[in-house]
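When you line the sequence shown up against full-length UniProt numbering, it's residues 1 to 106, in that order.
None of these hints come from the bench; they were simulated from the model. A few of these clues could be false.
[Claimed, not checked] In silico DSS-like cross-links for lysine-lysine, where the CA-CA straight-line distance does not exceed 25 angstroms: (1) K20 <-> K73; (2) K40 <-> K3; (3) K3 <-> K73; (4) K73 <-> K40.
Here the structure is a predicted model, which is why all the values come from computation and not from measurement.
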Amino acid sequence: MPKFLIQATYTSEGTKGLLKEGASGRRAAVDQVVSGLGGKVEAMYFAFGQDDLVMIIDFPDPVSMAAVSLTVKASGALHTRATPLLTVDEIDEASRRQVAFRAPGS
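Could you build all of it, start to finish, from the sequences and the hints given here?
Shown next as structure tokens:
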């Protein structure tokens with residue numbers, strides 16, 4: 001199942017919501033959304049600094065991740081970045097594939 005690193009920053013409205021319902025309330029909401037699309041939250045951490053929230057989420061396919069990303073961004077409560085995560089075996093497989101590439105100007 002594809003894994004994604006999610007990094008999020010709350011807007012002022014999102015922060016107000018977090019303060020109102022607490023971290024456990026947000027975790028329950030995230031679990032409900034992710035499991036509703038056949039996924040699983042592997043890890044979820046709140047942070048401070050550039051990111052307010054960091055998660056690793058498993059989804060059955062990238063389209064499910066895109067659906068959640070679009071819905072969350074449309075809410076205006078968070079700014080998010082989703083990064084696909086690849087295993088060591090997947091990178092090994094990628095390194096064995098032949099790619100016909102010519103660098104610009106060569």
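Right, here's what the structure says about each hint:
1. Under the criterion of a C-alpha separation no larger than 25 angstroms, the hint pairing K20 with K73 is consistent with the structure, at around 20 angstroms.
2. Only pairs whose Cα atoms come within 25 angstroms are accepted, and K40 paired with K3 is accepted, the gap being roughly 9 angstroms.
3. A C-alpha spacing of about 19 angstroms is found between K3 and K73, which places the hinted pair at or below 25 angstroms, so the restraint holds.
4. Taken as a hint, the K73 and K40 pair is honoured in the structure, with Cα atoms around 20 angstroms apart against an allowance of 25 angstroms.
In terms of the numbered hints stated before, the structure departs from none.
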